[in-house]
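Novice: Protein chains in written order, with our numbering: chain A, 1 to 145; chain B, 1 to 130.
There could be a bad hint or two in this list.
[Said to hold, decoys possible] Keeping only pairs whose Cα atoms sit at most 27 angstroms apart, straight-line, the calculated DSS-like set for lysine-lysine is: (1) B:Lys50 / B:Lys129; (2) B:Lys50 / A:Lys82; (3) A:Lys82 / B:Lys129.
These aren't lab readings, by the way, just hints derived from the structure by calculation.
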Amino acid sequence: MSAAAPTRRTPRPGQRPLRRPVRGPLRGTGGWARGRHLGSVAFLTNRVTGLLLIGYLYLHLGVLYLLTEGSGSWASVLHLFKNHAFMALESLLILFILVHGLNGLRLALVGTGVGVRHHRAWFTTAVSVSAVLYVVVVLAMFGVI
Amino acid sequence: MIADLEEVRQPSPAQRGRGGTTAWILQVVSGALLVILLGVHIVTQHFVVKGGLRDYAHVVSYLSNPVVLAVESLFVVVLIWHAMLGLRAVLLDFGFGRRGQAWITYGVTVLGALTAAYSFWLIATIAAKG
């Protein structure tokens, strides 16, 4: 009887043993954070920021309902929006949008075969540009510039 | 070099196969459109407004403009499309069977349609107050 053909999950000689795969309906999640490569980090970053932005979308749509109730309701929520603690939280939304957008652009390029060999540099660039733009936006939000 | 290329985790062939190449292309196209539409939305709603926030009268008069109404409606459609495709891709990665995948596609379609319907109602209601 011949030896079993190596599968994708079979560790190569010298490679550390793979973790036991997650079973059941959650088995796919094991793949999200598999490995410590920058590609995995970029993948996870896009997933997490994407899900957070979907959560914000529904929160935003819920808040905008106040506009249908008239000027009084909107004026009260505007007061909350101008609170500095709230603005600091809201600035995180800008950060998530920037990271998700620029990393998404990188995914689109790499996925279509553009700059695949430089995908780590793309990610570093995306994060760096996001960080710079975030600082500029925060300074603008708080009226510094 | 092979190890370098193996690091590229997304979109992996398995993910593309599960989510579908068409869905992936639509995700990329809607993402590219969102860069423009979201940029327009954020700049016009916050950055050109004194204090960064529109008061009630400003929002109503802004949405009463037919061009703004059309752009905001397009923004809503593209945003929900992109969000639902992304949610579907995340859920498909959990590794459900064919039946589960069909339910996920059906579920995100219904959720997207309901979200779009509510958003259009919201836009129309606010614009009608102008």
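Novice: Look at each hint and say if it fits the structure.
Specialist: A quick look at each hint next to the structure:
no., hint, result
1, B:Lys50 / B:Lys129, "22 angstroms, holds"
2, B:Lys50 / A:Lys82, "12 angstroms, holds"
3, A:Lys82 / B:Lys129, "25 angstroms, holds"
Hint compliance for this structure: no hint is broken.
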